[in-house]
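Novice: Fit chains U and P to the supplied structure of chain E, relying on the hints for placement.
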Amino acid sequence: MAAAAPAWTFIALFLPFLAAILAPFLVSRLGDRAAWIVALAPALSFLHFCGFLSEISAGEVATGGYAWAPSLNLSFSWFIDGLSLTFALLITGIGTLIVIYSGGYLKGHRHLGRFLSFILLFMGAMLGLVVSDSFLMLFVYWELTSIASFLLIGFDHEREAARRAALQALVVTGAGGLSLLAGLVFLWNVTGVTQLSLLVHLGDALRMSPFYLPALFLVLGGAFTKSAQFPFHFWLPNAMEAPTPVSAYLHSATMVKAGVYLLMRLNPVLGGTPAWEILLPFFGGVTLVAGALIGIRQTDLKLMLAYTTMASLGLLTMLTGFGSPHAIEAAVLYLVAHSLFKGALFMVAGAVDHGTGTRELPLLGGLRRAMPITFVAAFLAACSMGGLPLFAGFLAKEEIYAALATGNPRAVFFTAAALVGNALMFAIALAVGLKPFVGKGNQTPLTPHEAPVALWLGPVILAALGLVFGIFSPLLHAYLTSPMASAVIDEPTVITIGTMPHLGLPFGLSLLTVTLGILVYRELDRARALAAQMLEGLGPGPDRWFDQFVSGLVRFSARLVRIIQPGRLEIYITATFIAVAATLLVPLFLFDELPAMPSGPAGALVQEIAFFVIAALGIVTVLRAADRLTAIVSLGIQGFAVAVIFLLFGAPDLSFTQFMVETLSVVILTLVMTRLRLSVTDHRPPGQILLDGTIAIACGLGFALMLLKAVGTPFDPFMTDFFNTYSKAIAHGANVVNVIIVDFRGTDTLGEIAVVMVTGLAVLALIKLRVGRRAS
Amino acid sequence: MNTLILRTVAPVITALMLLFSVFVLLRGHNEPGGGFIGGLIAASALAIFGIAHGPGAVQRAIRFHPMAIAGAGLALAAVSGLVSIAAGVPFMSGLWIYPDILGAEVPLSTVMSFDIGVYLVVVGSVTAIALALETEPDGGAGEGEGGG
Amino acid sequence: MEILFTGLIGLFFAAAVYLMLSKFTIRILLGIVLLGNGVNLLLFTAGRITREVPPIIPADASTLGSVAANPLPQALILTAIVISFSFFAFLLVLTWRAFEELGTDSTDEMLLAEPRDEPLPPTGY
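Order-wise, the sequence lines are chains E, U and P.
Each residue of the first sequence is one higher than the one before, starting from 1 at the first, in the working numbering.
Each residue of the second sequence is one higher than the one before, starting from 1 at the first, in the working numbering.
Each residue of the third sequence is one higher than the one before, starting from 1 at the first, in the working numbering.
In isolation and in its complexed conformation, chain E is listed as follows (with noise of 0.2 Å):
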């Protein structure tokens, strides 16, 4: 399977999708026994993925796709680098592990196949996400993990607080797509290409480029956004409000940490500059300490580990952004371990929360006795994710001091930032995996009892992974890790660090980290108060500031409907008018376009002013009418000399169409008028009448000067000449405009018969239809 054919790789990407679709058929089928099948597409595509494992690993590159919109150079096409694989098979290992967790977690919920359905929309976006060579579809896929999210947030949309928590995060993180979105264009225009993989060579002429900041500032908005750095990381710990599944996967081994890939995937391009390695550090850090901080304060199992997973993204930012392979090979490993513990330690809160009715810390207590299985896994990733030896978290720690430390004066304070962050996520790590269960036993709200197989089954299995990659790291090296730096830092690099502790400074600060950590989880409740205390003097942070601007941003667009949209007819008319004469007269005049005058009625026959005389009079009547007679019989003179023009000049069908149109009229206005009372006279005030009379002759006289004007410009016969010469040759007709009518242009006069039988139709049912009172 290692050169696996396009085709393939194709119905891997898509079988989460198709899944979805299935979801709640099979669902209502099968009831919750369903998430077994469902989670074989999942697991399908995580076999084809480690079919590529051989080849990426040696070094190679997978890459397929077909066009799309060659034209404007656009086509589906992935590409598949170490980056790429190695979050393609979190992604499709950890989603079939969350799918058969679901169908326990929601075990005889009604709506268990619709929520199966949102995962697996999820998971397929992200997996084309991850894979996605061209910037399109980078860019549709993201956003989709968006919607996803949404989706997921909001399940349990009968409470608000899960209303609130999926709008937040839907408008941060789109905010933060149409930031991407621009970032991307800025990218296409300064080196002319569309698709990933042809980027990354091309990272000196956009270093290089005026357009650098402004793109490298775009995308991290994006970036940023997705991976809840500071200042945005305010809908991350509100996204908890999901089902626990969810935050297991989106919230903390996946989406999130789509930013974290964009950056990881950029880091050859946009990389190396000084703007590049102070924001990221910088926000990343400040994440870190942040989130780790918030999260020591919390009590609820599920929202200290939300801060833990907003201070480990500011670990990946800060690595990510350090600017040493160094760095970059610590960020990896550390993203992998990560994905395995905190993914693990969230579905044991989930377990937990099942089996004893409950997620707050003080209320836990004892439940080795009762939940055996669970404890061992929560335990196994509480000891990886405090970094503890053997473990894979042990590796990424080990290599983040060696990186830091440095020596670098600038590094201290990013170590300083880890070296605190770390030993907090430590007793956090502790707080979840080991104080639920050992001590003794609480007043819970359900007797505590085991989970079911499928809520065990993911936690133990990530957790031992954790355990697994850290005894036999040579094979993650080999396989996951050092491919995927070698893609991050775009040169080949070889991961090799062990498992065994070699003495010196990185060793020395992890022994502090541990340290610090076990004083902290020891001295818990102070912690937690000191944290507490120093938080509550920054005052209300973002997320207060979410809520005032949605409710300011309501009333700020009902003010401006009221401006713009006052409820008077007449005001918009006027603002209409106004408009129109000032395009009409305003070019004439600024470019000096004004028409030659035409030297008067010359060769005018009298009977042909007479008419024009009637028309006038006509409608000048019409103006003045004070009756409904004179209003009806004025009307009918202005459009029967219209007639008589249309016949003088050489339109005799417009002339018998415009005499009937106007018998008509006059017959359906007289049979309407009598049962309407026309006011006697047209109220407007003195000013009033000046405004609107101004108006009135700014607009004729803008249509007549713009006719003249077009009148006097050459005229171009070709299309008149075109129905001329064809009529009778082609559809052997001698009245073009009749031909033209019904022939040449016959698909217009289609449309415009449907619209004349839809006015009467409409006419019916406002004579016809009458609501309730006027029965008699």
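Honestly, the hints are just simulated from the structure, not real lab data.
Built from N, CA and C at the ideal position, the CB exists for glycine as well.
Errors might be hidden in some of the hints.
[Claimed, not checked] Chain E side only, calculated, beta carbon under 8 Å to chain P, not exhaustive:
| hint | residue |
| --- | --- |
| 1 | I563 |
| 2 | Q565 |
| 3 | I619 |
| 4 | D653 |
| 5 | V661 |
| 6 | A696 |
| 7 | I741 |
| 8 | T759 |
[What the hints assert, rightly or not] As a list, the in silico EDC-like pairs of lysine to aspartate or glutamate whose alpha-carbon atoms are at most 20 Å apart:
| hint | chain 1 | residue 1 | chain 2 | residue 2 |
| --- | --- | --- | --- | --- |
| 9 | E | K440 | E | E360 |
| 10 | P | K23 | P | E101 |
| 11 | P | K23 | P | E114 |
| 12 | E | K107 | E | D156 |
| 13 | P | K23 | E | E570 |
| 14 | E | K107 | E | E158 |
| 15 | E | K440 | E | E450 |
| 16 | P | K23 | P | E100 |
| 17 | E | K435 | E | D525 |
| 18 | E | K768 | P | E114 |
| 19 | P | K23 | E | D627 |
| 20 | E | K709 | P | E2 |
| 21 | P | K23 | P | E109 |
| 22 | E | K768 | U | E134 |
| 23 | E | K768 | P | E100 |
| 24 | E | K435 | E | E450 |
| 25 | P | K23 | P | D108 |
| 26 | E | K709 | E | D592 |
Specialist: For chains U and P alone, coordinates are given in the frame of chain E:
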């Protein structure tokens, strides 16, 4: 408005106008006229009849509901266009045949049937509007005295 | 010749706009009728005007000579006349029915769709 003179003359005028409208419709391809004008003339004829004898009488005279006539017209026009597709040429291309009827060559075409469709739509819609307005809002008087 | 047409068309447009700026629906309707005629004449004039020779190909010729009137604007206007008429009929009935149901022909008093002092939309989630 329904004086004795109008009521006596109306049927004759209406008949003549209807005949004239068909004439205008059919000659439209080569002389001034066509479906739109013909349809308007026919609708005026029916409106006059309606004023004289009430909408009920018109309704009985034309047998079908005016909107049904309009609908049939729209369908005829659309089918005239679709025939072209069946014949393998683009939608709305004119197709002509020249059958020999009673010794005279009569040109028939989808263009003509299309124009007849236009005629029917205009007659139907405008008559429907006029009749609906001629009917008194309380629905009694107009229909009651029809038929005379 | 054009100056006559232009003048009449200007008058049509000015009168139509003035009527449409009124508060009263029936006057707005009269304005729309005038506007329709004005636009038709505008199209007619823009296609250049020719006296008395309709665009009908004589029996003994196969193409139309250049002295005849321009058929293209005529075809456009012919359908426009019929459509304007249907539109006019619809608006007329709408005006009447609105008068019947709401008891007013002043647009200022027709506030069903945009009521004054509407409360703020909800600011929650």
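Novice: Now tell me, hint by hint, if it's right for this structure.
Specialist: Do the hints match the structure? See the list:
1. I563: With a minimum Cβ separation of about 13 Å from chain P (threshold 8 Å), the hint on E/I563 is violated.
2. Q565: With a closest approach of 6 Å, the E/Q565 hint holds.
3. I619: This hint holds: E/I619 lies near chain P, its Cβ roughly 5 Å from the closest one there, short of 8 Å.
4. D653: 6 Å, holds
5. V661: 5 Å, holds
6. A696: This interface hint holds because 4 Å falls under the 8 Å limit.
7. I741: Where the cut-off is 8 Å and the nearest Cβ of chain P is about 5 Å from E/I741, the hint holds.
8. T759: 4 Å, holds
9. E/K440 - E/E360: Given that 20 Å is the threshold and the Cα spacing comes to 15 Å, the pair holds.
10. P/K23 - P/E101: 18 Å, holds
11. P/K23 - P/E114: Answer holds: P/K23 to P/E114 is near 16 Å, not above 20 Å.
12. E/K107 - E/D156: Distance of about 15 Å is within 20 Å: holds.
13. P/K23 - E/E570: Within the cut-off at roughly 6 Å; holds.
14. E/K107 - E/E158: Distance ~19 Å between E/K107 and E/E158 Cα, so the pair holds.
15. E/K440 - E/E450: Answer holds: E/K440 to E/E450 is near 17 Å, not above 20 Å.
16. P/K23 - P/E100: Since the Cα atoms of P/K23 and P/E100 sit roughly 17 Å apart, the hinted pair holds (cutoff 20 Å).
17. E/K435 - E/D525: Holds - the C-alpha atoms of E/D525 and E/K435 are around 13 Å apart, at most 20 Å.
18. E/K768 - P/E114: 26 Å, violated
19. P/K23 - E/D627: 17 Å, holds
20. E/K709 - P/E2: 11 Å, holds
21. P/K23 - P/E109: 10 Å, holds
22. E/K768 - U/E134: 13 Å, holds
23. E/K768 - P/E100: 13 Å, holds
24. E/K435 - E/E450: 17 Å, holds
25. P/K23 - P/D108: 7 Å, holds
26. E/K709 - E/D592: Answer holds: E/K709 to E/D592 is near 12 Å, not above 20 Å.
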